[in-house]
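Just so you know, the protein sequences line up as chains A and B, in that order. Plus 236 on top of the position in the first sequence (first one is 1) and you've got my numbering. Plus 236 on top of the position in the second sequence (first one is 1) and you've got my numbering.
Since the hints were made in silico from the structure, they are not lab data. Any given hint might turn out to be false.
Identical copies carry no separate label here, and so any pair may be met within one copy or between two of them.
Quick list of in silico lysine to any residue cross-link-like pairs, SDA-like style, CA-CA up to 25 Å [as the list claims (entries may be wrong)]: (1) K406 with Q470; (2) K490 with I275; (3) K492 with D525; (4) K330 with I241; (5) K271 with K559; (6) K465 with S350; (7) K518 with D362; (8) K523 with K578; (9) K496 with D378; (10) K372 with E589; (11) K518 with S534; (12) K407 with H243; (13) K348 with N471; (14) K280 with S429; (15) K397 with E258.
Residue strings, one per chain:
Number of protein chains: 2
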Amino acid sequence: MYNQIEHGANTRVMKEKFNIKEEILDFSSNVGSEKSFDIEKILKYENLKLDEYPDIDYKELREAIADYEEIASDMVIPGNGATEIIYLISRSIKCRWALINPTFSEYERALKISGNTIFEFFYSEDFFIPIENIIKNLENFDAMMICNPNNPTGNIQNLEKIVKVFKENKKLLVVDETFLDFLSENKKYSLKSLLKDNENLIIIKAFTKTHAAAGIRLGYALLNNFKLKKCLWQNKEPWTINNISMKIGINISKQKIFLKNMQENFKKDKDDFIKKLKLIPKVEVFKSDTNFCLIKTSLNSLEFRDKFFQKEKILVRSCSNFKGLSNNMIRIAIKNKEKNSKFLEALKKFSEEEL
Amino acid sequence: MYNQIEHGANTRVMKEKFNIKEEILDFSSNVGSEKSFDIEKILKYENLKLDEYPDIDYKELREAIADYEEIASDMVIPGNGATEIIYLISRSIKCRWALINPTFSEYERALKISGNTIFEFFYSEDFFIPIENIIKNLENFDAMMICNPNNPTGNIQNLEKIVKVFKENKKLLVVDETFLDFLSENKKYSLKSLLKDNENLIIIKAFTKTHAAAGIRLGYALLNNFKLKKCLWQNKEPWTINNISMKIGINISKQKIFLKNMQENFKKDKDDFIKKLKLIPKVEVFKSDTNFCLIKTSLNSLEFRDKFFQKEKILVRSCSNFKGLSNNMIRIAIKNKEKNSKFLEALKKFSEEEL
Numbered sequence: 237m238y239n240q241i242e243h244g245a246n247t248r249v250m251k252e253k254f255n256i257k258e259e260i261l262d263f264s265s266n267v268g269s270e271k272s273f274d275i276e277k278i279l280k281y282e283n284l285k286l287d288e289y290p291d292i293d294y295k296e297l298r299e300a301i302a303d304y305e306e307i308a309s310d311m312v313i314p315g316n317g318a319t320e321i322i323y324l325i326s327r328s329i330k331c332r333w334a335l336i337n338p339t340f341s342e343y344e345r346a347l348k349i350s351g352n353t354i355f356e357f358f359y360s361e362d363f364f365i366p367i368e369n370i371i372k373n374l375e376n377f378d379a380m381m382i383c384n385p386n387n388p389t390g391n392i393q394n395l396e397k398i399v400k401v402f403k404e405n406k407k408l409l410v411v412d413e414t415f416l417d418f419l420s421e422n423k424k425y426s427l428k429s430l431l432k433d434n435e436n437l438i439i440i441k442a443f444t445k446t447h448a449a450a451g452i453r454l455g456y457a458l459l460n461n462f463k464l465k466k467c468l469w470q471n472k473e474p475w476t477i478n479n480i481s482m483k484i485g486i487n488i489s490k491q492k493i494f495l496k497n498m499q500e501n502f503k504k505d506k507d508d509f510i511k512k513l514k515l516i517p518k519v520e521v522f523k524s525d526t527n528f529c530l531i532k533t534s535l536n537s538l539e540f541r542d543k544f545f546q547k548e549k550i551l552v553r554s555c556s557n558f559k560g561l562s563n564n565m566i567r568i569a570i571k572n573k574e575k576n577s578k579f580l581e582a583l584k585k586f587s588e589e590e591l
Numbered sequence: 237m238y239n240q241i242e243h244g245a246n247t248r249v250m251k252e253k254f255n256i257k258e259e260i261l262d263f264s265s266n267v268g269s270e271k272s273f274d275i276e277k278i279l280k281y282e283n284l285k286l287d288e289y290p291d292i293d294y295k296e297l298r299e300a301i302a303d304y305e306e307i308a309s310d311m312v313i314p315g316n317g318a319t320e321i322i323y324l325i326s327r328s329i330k331c332r333w334a335l336i337n338p339t340f341s342e343y344e345r346a347l348k349i350s351g352n353t354i355f356e357f358f359y360s361e362d363f364f365i366p367i368e369n370i371i372k373n374l375e376n377f378d379a380m381m382i383c384n385p386n387n388p389t390g391n392i393q394n395l396e397k398i399v400k401v402f403k404e405n406k407k408l409l410v411v412d413e414t415f416l417d418f419l420s421e422n423k424k425y426s427l428k429s430l431l432k433d434n435e436n437l438i439i440i441k442a443f444t445k446t447h448a449a450a451g452i453r454l455g456y457a458l459l460n461n462f463k464l465k466k467c468l469w470q471n472k473e474p475w476t477i478n479n480i481s482m483k484i485g486i487n488i489s490k491q492k493i494f495l496k497n498m499q500e501n502f503k504k505d506k507d508d509f510i511k512k513l514k515l516i517p518k519v520e521v522f523k524s525d526t527n528f529c530l531i532k533t534s535l536n537s538l539e540f541r542d543k544f545f546q547k548e549k550i551l552v553r554s555c556s557n558f559k560g561l562s563n564n565m566i567r568i569a570i571k572n573k574e575k576n577s578k579f580l581e582a583l584k585k586f587s588e589e590e591l
């Protein structure tokens, strides 16, 4: 019963399963570690008007996000996390969709719930986009969702070629850039600047990961196609963003210096973490361009997760439900220095004892 | 562009339309006036964990609501306002739906967006359920949504007969009891106690109106049909209720004494308001069992709304987009003593000058 979706971050269920009462460390959730907003300040100085409905058009929020993204405000559609946007697109644009596996499992769930068909591609062994195969199969789909950097593989792709091919062949490309802003080269890889001249492009973003705000549920779509925008607004459920998230979102959008600082701090912590991670025996580490990475061990991924959780009280993400990944892959988050140290120590011990 | 939905409570758009800068009084929104929770306290004493995803099964929230409603927790499905529940039901249970007009416009929008057909009934002239007509047309629909007390007519109905007929004929009945808890006889009219032995019944409720919490977006479905529950959870978008609303919802659910006090205070204010409202010339007042009522004047309803807004800085709800209502009906909220007085004074003046 309830949600039968397998995700990371479900610490409650794991604690109940293994009857663990103490605080655990969550390395299954790929949410960042640096927060850009002070909830107490926001609530103190903002008139939240909790007895009033949210503005049904989210005008102030759209304008704030537009300013943050340096884009026109009518190109922004805010949502209850990137999740609302994924589901909204899936039920508004019914056509033959394509996905490249392994990728974020909510794309498939959202598309299927709305009755769409899915043409399945697979990343190459080193996790690159199978561009030749996609070109060969252009007749078999109308639209594609891509995550860049991809979840769970963690690598960034240059999408120039795919954008060009899709534009020429009038295919819709939806790119989820949720994890992009952890990179200092985010502007180089973002497709945002192409929106002006590309009507076949939708970008999905969220404050969830980069602003460590998974609990407020705030994401958005960026697009410039009048018909598509109209279609999405016509299918959108009203008032999905509450007044508190709206104020937090407006506040976050003003923190312009935050990203740059976070990226610099994160890079240091990450480089150090990966270097040390690679020294742990019997653990293969995959290249990552964002705040999580894949590791491979001899253990089955669910067995690894459960054993590691019981012994070390650290939750990692089993990749067992990602299509097209070998069954001994684990996704781990990259957190701040202190948490990373704890994780490295635990994994080293675990490697000696269990791998 | 944006949402093309006509609702009350859209004060921003009206202020922009008529270039009004000062604070206005909102009588278009039927949200209650008494709040049951202290947001500052909740935020001070609760660990909101805004960097973590909400519990995907909302276990603690479900248990709190179950306790508040005196019902089993697996009979509760929480949502982002009653709105999420309405849309979730509409896209999960695809069949031939029926509605009784005039009623809350989101039912029709939600059902149509999901591709359902709608068989239309109409309330009688004195706003009673057309039970004979419904029985005559049982073959023409599979499920029906009813609002009780109904929005915008405001009257409560005894649904015993319709429940019996629907159960015998295996039709699904969805009853939106969002406005019921303003009545002290709420228990007498609620269908909650029937859920135990009735698999063809879903009740929709929310904290929006009775707890003056429209801005937090928190509603829920109550049902006891295993297959339907499974179907709704399978179609539900994940993480739609954020961590702050979740904590507020848990807090609200503990305020057991609140409803009784609110009902008593509200009854006094309402009786006084209706008595004085009826004394205003050229305004016909309709019977109401909840916190809003219909009035009828000689003016077209959109004209009334706009003129009244410009002159008196009070927003009322034009009923122009409710099917089956004459075009000079206005829905007004019933607020607390102070606001009601201001409204009465303004309407009296308006009646003398404009009606």
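How would you label the pair K372, E589 (within, between, both, or neither) given a Cα cut-off of 25 Å?
neither (48 Å within a copy, 74 Å between copies)
*asked:* Checking an output row: K465 and S350, CA cutoff 25 Å. Within, between, both or neither?
replied: Both ways: K465 and S350 sit 19 Å apart in one copy and 18 Å across, limit 25 Å.
Treating 25 Å as the Cα threshold, decide for K280 and S429: within, between, both or neither. neither (37 Å within a copy, 42 Å between copies)
| Taking 25 Å as the upper bound on the Cα-Cα distance, should K518 and D362 be classified as within, between, both, or neither? | Classified as within; 20 Å inside a copy, 78 Å across copies.
*If the cutoff is 25 Å on CA atoms, where do K523 and K578 land: within, between, both or neither? Let me know, please.*
Close inside one copy (21 Å), not across copies (66 Å); limit 25 Å.
(Q) Cα distance capped at 25 Å. Does K348 pair with N471 within a copy, between copies, both, or neither? (A) Classified as both: same-chain Cα gap 17 Å, cross-chain 10 Å, threshold 25 Å.
>> My question is about K397 and E258: at a cut-off of 25 Å on alpha-carbon distance, are they close within one copy, between copies, both, or neither?
In response: Neither. Shortest intra-copy (50 Å) and inter-copy (53 Å) distances fail the 25 Å Cα cut-off.
Quiz item: Taking 25 Å as the upper bound on the Cα-Cα distance, should K407 and H243 be classified as within, between, both, or neither?
Solution: This pair counts as neither: shortest intra-copy Cα distance 30 Å, inter-copy 36 Å.
Task: 25 Å Cα threshold - placement of I275 relative to K490 - done: both (14 Å within a copy, 24 Å between copies)
Item to complete: With 25 Å as the alpha-carbon cut-off, assign the pair K406 and Q470 to within, between, both or neither.
Response: within (23 Å within a copy, 33 Å between copies)
Point to revise | Identical-chain pair category, K330 with I241, by Cα at 25 Å | key: both (23 Å within a copy, 22 Å between copies)
| Up to 25 Å CA-CA - S534 versus K518, copy category | Within one copy only: 8 Å inside a chain, 83 Å across chains, cut-off 25 Å.
In summary, the numbered hints that this structure violates are 5, 9, 10, 12, 14 and 15.
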